[in-house]
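Participant: All the letters of the sequence shown, read from the start, carry residue numbers 31 to 329 under the working numbering.
Think of the hints as simulated: they come from the structure by calculation, not from any bench.
Keep in mind that a hint or two might mislead.
Listed below are the simulated BS3-like cross-link pairs for lysine-lysine, each with C-alpha atoms no more than 30 Å apart in a straight line [said to hold, decoys possible]:
1. 152 / 261
2. 152 / 327
3. 152 / 295
Owing to the predicted nature of the structure, the values given are computational and were not obtained by experimental measurement.
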Amino acid sequence: MKTSGRRALVALLALMCAAGCSGKSSPGPRPSTSGAGPSRSGAAAAGTVWIVSGSALTRLRAADPDGAVTRAAFDSPDAFVVTSGSDWSVPAGWSSTPTASFTSYESLRSAIAGGTLDPRIKAVLYDNEHWDPTPILEQREPVHYDQLAAQLAHQHHLLFIATPAINLVNVLTPIAGSGAGGNRYQAFLDLGLVGEIARTADVLDIQAQGAEADISLFSSFVQAAAAQARKANPGVKVLAGISTNASGNAATAAAMDQAAASVRKDVDGYWLNDPEASTACPTCVGPFPQVALAAVKGL
């Protein structure tokens with residue numbers, strides 16, 4: 031082979047190797063988030079992204095005689111309705127995104143491996159908190175298990191919603207977690223969990239509802255957490271939690287709307303909580319569907 035031909039062949043091989051010989055496999059296809067809320071440039075003017083439990087949605091619909099408010103808010107791919115095959119809560123004909131909720135990575139893995147995840151589910155929510163349903167190892171390593179859960183969800187073409195609870199600081203920084211006022215919120219921010227978890231999430235909920243009664247604390251915390259999330263992942267959809275009775279403290283619709291409005295420019299939407307007393311929430315005093323409905327209408 032002539033020298034010039036040999037040189038051309040070597041150059042061609044080098045280009046081919048640069049394009050495909052890095053030794054790194056490309057990640058699997060990531061689900062589209064086109065239906066998971068508006069882009070940040072139009073978040074305040076565009077539609078609101080919601081998370082709502084199926085039980086709360088059922089109560090809201092019962093409290094909404096003509097269905098106008100609930101349908102306008104939740105009959106949309108931007109509404110993640112937490113449901114399951116045994117108690118399907120997405121109304122027939124609605125375009126809401128059916129979502130399965132898990133309190134541990136292992137339960138998510140088992141559901142997918144065992145084929146028990148309803149095939150109609152389009153998104154999975156990982157609700158890791160300082161409580162019995164989340165194994166203590168997962169509480170101690172929330173970033174690691176959120177990343178594992180996100181990876182597993184994306185491998186199966188599911189959107190991934192991360193909702194790390196503020197009370198994880200009780201495990202990670204016990205002294206700050208036991209403090210009163212805003213100490214645990216600042217401790218949560220200082221841990222950098224929001225940014226690290228946001229890297230692999232499609233949607234991230236900031237569980238700020240416990241601070242709802244203190245507008246200054248609520249807004250400053252949500253704003254800082256949202257900024258941390260978007261610095262790590264500009265494409266993540268950020269939501270803020272609001273509640274009719276956070277930690278057993280009943281709220282008015284006006285108070286919920288005031289809290290939500292204080293961060294509207296910072297978030298893509300909200301997780302609407304209307305909890306009732308249960309083993310998971312022994313201090314809850316709801317539900318208050320009329321209050322929740324009025325809050326949704328106000329927003």
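Participant: Can you confirm whether the C-alpha distance between residue 152 and residue 295 stays at or below 30 Å?
Facilitator: Judged against 30 Å, a Cα distance of about 27 Å means the pair holds.
Participant: So if I understand the rule, the pair passes when the alpha-carbon distance is 30 Å or less; does residue 152 with residue 261 pass?
Facilitator: Holds, at about 26 Å.
Participant: Compare the distance between the alpha carbons of residue 152 and residue 327 with 30 Å, and conclude whether the hinted pair is satisfied.
Facilitator: 26 Å, holds
The structure shown violates none of the earlier numbered hints.
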